[in-house]
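Line order of the protein sequences matches chains Z, V and U.
Under numbering that gives the first Met the number 0, the letters of the first sequence match residues 0 to 384, in that order.
Under numbering that gives the first Met the number 0, the letters of the second sequence match residues 0 to 194, in that order.
Under numbering that gives the first Met the number 0, the letters of the third sequence match residues 0 to 203, in that order.
What the hints contain is simulated information worked out from the structure, not anything from laboratory work.
Fair warning: this is a prediction, and the values are worked out from it, not measured in the lab.
Using N, Cα and C, we set each Cβ at its ideal position, and we do this for glycine too.
A hint or two may mislead.
[Unchecked claim] Not everything, but these chain V residues come out facing chain Z in the computed CB check (under 10 Å): (1) Gly29; (2) Gly140; (3) His159; (4) Asp161; (5) Ile165.
[To be verified] Listed next, the stretches of chain U that the computed footprint assigns to chain Z, with coverage defined by at least 3 CB atoms under 8 Å from CB atoms of chain Z: (6) 42-54; (7) 73-80; (8) 108-115; (9) 163-173.
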Amino acid sequence: MSTREFQVIPRVDVDGTAVDGEQLEISMGPQHPSTHGVFRMDLKLDGERVARLKPVFGYLHRNHEKIGESTTYLGSMPYTDRLDYFCSLTNNWAYALAVEKLAGLQAPERAEYIRVITAELTRLQNHASLAGFLLQDMGASGTPLMYAFREREKILDLFESLTGARMMCNYMRFGGCRCDLPAGWILEARGVVERFPRFLDEFQALLDGNEILMSRTQGVGVLPAALAVNAGITGPMLRASGVNYDLRKVDRYGIYDRFSFKVPIGDHGDVYDRYMVRVLEMRESLKILDQALRDIPDGPILDPKAKLRGFRPKPGEAYGRIESPKGELGFYLISDGSPNPYRYRVRPPSFINLTLLEDLCLGHQVADVVVILGSVDIVLGEVDR
Amino acid sequence: MESLEQIKIWTETAVAGARLQLVTNPGPSGQHSLLVDNDHAAAVARFFLEDARLRLDYASNVTGIDWPEAVLQEKRKVKQTIEGVEREIEETIERRRPGFLEVVYHLYSMALKQGPVILRLRTGDRGAQARLPSLTPIWRGAEFQEREVFDLFGVVFEGHPDLRRILMWDGFKDFPMRKDYAPPQESGAGREPAQ
Amino acid sequence: MDERLRAELSRQGVVVTTFEELYNWGRKNSVWPLGFGLACCAIEMIAASMARWDLARFGAEVFRPSPRQADLMIVAGTVTKKMAPQVVRLYNQMPEPKYVIAMGACAISGGPFREGYNVLQGIDRFIPVDVHIPGCPPRPEALLHGFTTLQKLIEAQELTGERRPRHLSAEAASEFPIPDHGEHDLVPSHNPEIWPPSRPRAAG
Numbered sequence: 000m001s002t003r004e005f006q007v008i009p010r011v012d013v014d015g016t017a018v019d020g021e022q023l024e025i026s027m028g029p030q031h032p033s034t035h036g037v038f039r040m041d042l043k044l045d046g047e048r049v050a051r052l053k054p055v056f057g058y059l060h061r062n063h064e065k066i067g068e069s070t071t072y073l074g075s076m077p078y079t080d081r082l083d084y085f086c087s088l089t090n091n092w093a094y095a096l097a098v099e100k101l102a103g104l105q106a107p108e109r110a111e112y113i114r115v116i117t118a119e120l121t122r123l124q125n126h127a128s129l130a131g132f133l134l135q136d137m138g139a140s141g142t143p144l145m146y147a148f149r150e151r152e153k154i155l156d157l158f159e160s161l162t163g164a165r166m167m168c169n170y171m172r173f174g175g176c177r178c179d180l181p182a183g184w185i186l187e188a189r190g191v192v193e194r195f196p197r198f199l200d201e202f203q204a205l206l207d208g209n210e211i212l213m214s215r216t217q218g219v220g221v222l223p224a225a226l227a228v229n230a231g232i233t234g235p236m237l238r239a240s241g242v243n244y245d246l247r248k249v250d251r252y253g254i255y256d257r258f259s260f261k262v263p264i265g266d267h268g269d270v271y272d273r274y275m276v277r278v279l280e281m282r283e284s285l286k287i288l289d290q291a292l293r294d295i296p297d298g299p300i301l302d303p304k305a306k307l308r309g310f311r312p313k314p315g316e317a318y319g320r321i322e323s324p325k326g327e328l329g330f331y332l333i334s335d336g337s338p339n340p341y342r343y344r345v346r347p348p349s350f351i352n353l354t355l356l357e358d359l360c361l362g363h364q365v366a367d368v369v370v371i372l373g374s375v376d377i378v379l380g381e382v383d384r
Numbered sequence: 000m001e002s003l004e005q006i007k008i009w010t011e012t013a014v015a016g017a018r019l020q021l022v023t024n025p026g027p028s029g030q031h032s033l034l035v036d037n038d039h040a041a042a043v044a045r046f047f048l049e050d051a052r053l054r055l056d057y058a059s060n061v062t063g064i065d066w067p068e069a070v071l072q073e074k075r076k077v078k079q080t081i082e083g084v085e086r087e088i089e090e091t092i093e094r095r096r097p098g099f100l101e102v103v104y105h106l107y108s109m110a111l112k113q114g115p116v117i118l119r120l121r122t123g124d125r126g127a128q129a130r131l132p133s134l135t136p137i138w139r140g141a142e143f144q145e146r147e148v149f150d151l152f153g154v155v156f157e158g159h160p161d162l163r164r165i166l167m168w169d170g171f172k173d174f175p176m177r178k179d180y181a182p183p184q185e186s187g188a189g190r191e192p193a194q
Numbered sequence: 000m001d002e003r004l005r006a007e008l009s010r011q012g013v014v015v016t017t018f019e020e021l022y023n024w025g026r027k028n029s030v031w032p033l034g035f036g037l038a039c040c041a042i043e044m045i046a047a048s049m050a051r052w053d054l055a056r057f058g059a060e061v062f063r064p065s066p067r068q069a070d071l072m073i074v075a076g077t078v079t080k081k082m083a084p085q086v087v088r089l090y091n092q093m094p095e096p097k098y099v100i101a102m103g104a105c106a107i108s109g110g111p112f113r114e115g116y117n118v119l120q121g122i123d124r125f126i127p128v129d130v131h132i133p134g135c136p137p138r139p140e141a142l143l144h145g146f147t148t149l150q151k152l153i154e155a156q157e158l159t160g161e162r163r164p165r166h167l168s169a170e171a172a173s174e175f176p177i178p179d180h181g182e183h184d185l186v187p188s189h190n191p192e193i194w195p196p197s198r199p200r201a202a203g
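Working from the sequences, and respecting the hints, build out all of it.
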């Protein structure tokens, strides 16, 4: 859908004489093949160049926070699946972490290992899908996405045999996990992890040095580090601009300090760096998965002090955050001693990462807007909640 | 990271006239916060950003909270003489607390890898006094989140570069996240069976 | 015509059919969906069109970006009140014959988000829906089943008479009124001519 409104803006020619010009106002979205969901951008174009960009949100605002206030703590866990619907297990973990801080619970060791394994598998399939979608936006219509989804299906099979659902897993509980790993799951997971590098090698061989990818992404949408920090950008988008801030290393939540892995940092902050940071993060996730699948101990998966029914945390508040594949995902909960939270707040990384969308796109062409938006990696369930 | 008491002292020394109040968090999380008065909030925020010991350059989360008018009950033990015998009785005192809206900022430092420092701002009431200074000029990351608090709670942020609704449509008149919001009644949505 | 006679003739290379069957066979095997996903169900829709479940073998190969070229709108995900006018507008822009699949609990009735202030409790308050697929999200196999159900529905359409589909009947409306954003709610909150459904709708 597009609305067109012509507005004559006087421009100056090289010798200083005024020239008749016009700016085109276009609404890109909410139904558009490349906006990654129902997201709308009001663009003002000067020819092909972007003169102004205002994002419009709210087309998927499902009042998640209001529902959180009228549901019990545990009742909100399935709703967290539907926030960032690619990464339901990391959403579950962030919420469980915040409630565990609120109530003073601690997950046992085996549960922590399972959490790390599922979170890194989620990161793998999220980054692979993102690379596929980014390339689809650039015109590689379908093929990289097909390869990425082929690998994603293998990981979703693992999630289904563990949690019962492909996408909406509802798996973490306050103080651990819902159910233990079925027999043979570790072997299956190890198989997936061992075969993944072959896919990544093929993917990288076809794409990293690809001329079209390089010319469309290098130097496009450059994000300076200081602006990124001030605008609250987190996740791979921040690290591609050269800022070393990964919550797995900074907060060391869970048991991430037991694993040896690196954090890829970019030099230029353009779209190509954001793509490469994600690809390299996939390799680091594979390292973490190798270690975790090797070292996972036996034991209980739920804190014996945890109460599933009649859960009433003491009055107080807590903010818990994790490094989700999109950035810092945080939950802020205020308890007044009743079974429902008094205030339930989600800190959505995709929403805040969009703060600088206009800054990144000004002066670029419309086709670049699509590519830059793809590199921000948004999921509307999380942006609008 | 220094304790909140130390940060309170530094801030009150550096920003003339600022009054900070430590708000203890009764739960096990240990995350206490600082309540700052509205007139000096922007100056305190600037101090948090620029002070070399704090360098709180990253505003992670901006939350709006609605505290409607409430009657708080406090129990107190009072000595009373009854029939010549002095006894200690428990007395319940009721205190009316007027309603207000609160905005909570979770601040971290990416440069020094420390945090969080939690800052709270409170409005005068839930009506005409629901105004607060915007901290977007100091932390750009608060831009969309303050717009969201305006949209859903009705807090007007003075100094915000672009304050308009962000999630609901522009003609919407209510503030849905307030505790006293009543969603529209569905009219005509019967459950008539198929004939 | 006797089925055995028909089978015998087709073995000899002679195909006997009715105009209706041929017309519907062509239509049902090339239903092109509109590339339109709202929320989580859209990901399962994409997965259904990927290599493992392959919606393309049923004829829905090309997801058209423009509503002017699409036959089918799969409403995949929650329809919010902010988005509802755009959904109806897109439906109006699709040329006849057009079909709607409501995929997922949210599109059918608002789903888990039903009590929300911004959630429309089902897209069939404003546009007629042909197939409802329950699930949250429905598995890709469920979407394939819904799609084949739609194909059976198209196959069974009669071209003449009372129960003929909308695009062959001059009086049937093919565009529906678009709601406005009011001060507290959508105006109107539902389309009284199609909601609540008071009688089983004729196919199409």
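Verification of the supplied hints:
Residue-level restraint check for Gly29/V holds (minimum Cβ-Cβ distance to chain Z is 9 Å; threshold 10 Å). Proximity of Gly140/V to chain Z holds as hinted, the smallest CB-CB distance being about 2 Å (cut-off 10 Å). Contact between His159/V and chain Z, as hinted, is not supported at the beta carbon level, the nearest pair being about 13 Å apart and thus beyond 10 Å. The criterion of a C-beta within 10 Å of any C-beta in chain Z is met by Asp161/V, whose closest approach is roughly 8 Å, and the hint holds.
For Ile165/V, the shortest C-beta to C-beta distance to chain Z is roughly 6 Å, which falls under 10 Å, so the interface hint holds. Here the region 42-54 of chain U counts 7 residues with a CB under 8 Å from a CB of chain Z, which clears the bar of 3, and the coverage holds. Requiring three or more residues with a Cβ within less than 8 Å of a Cβ of chain Z, the coverage given for the region 73-80 of chain U holds, as 3 such residues are present. Counting residues of the region 108-115 of chain U whose beta-carbon sits less than 8 Å from any beta-carbon of chain Z gives 4, enough to reach three: the coverage restraint holds.
Coverage of the region 163-173 of chain U by chain Z is violated in this model, with 0 residues showing a Cβ closer than 8 Å to a Cβ of that chain against a need of three.
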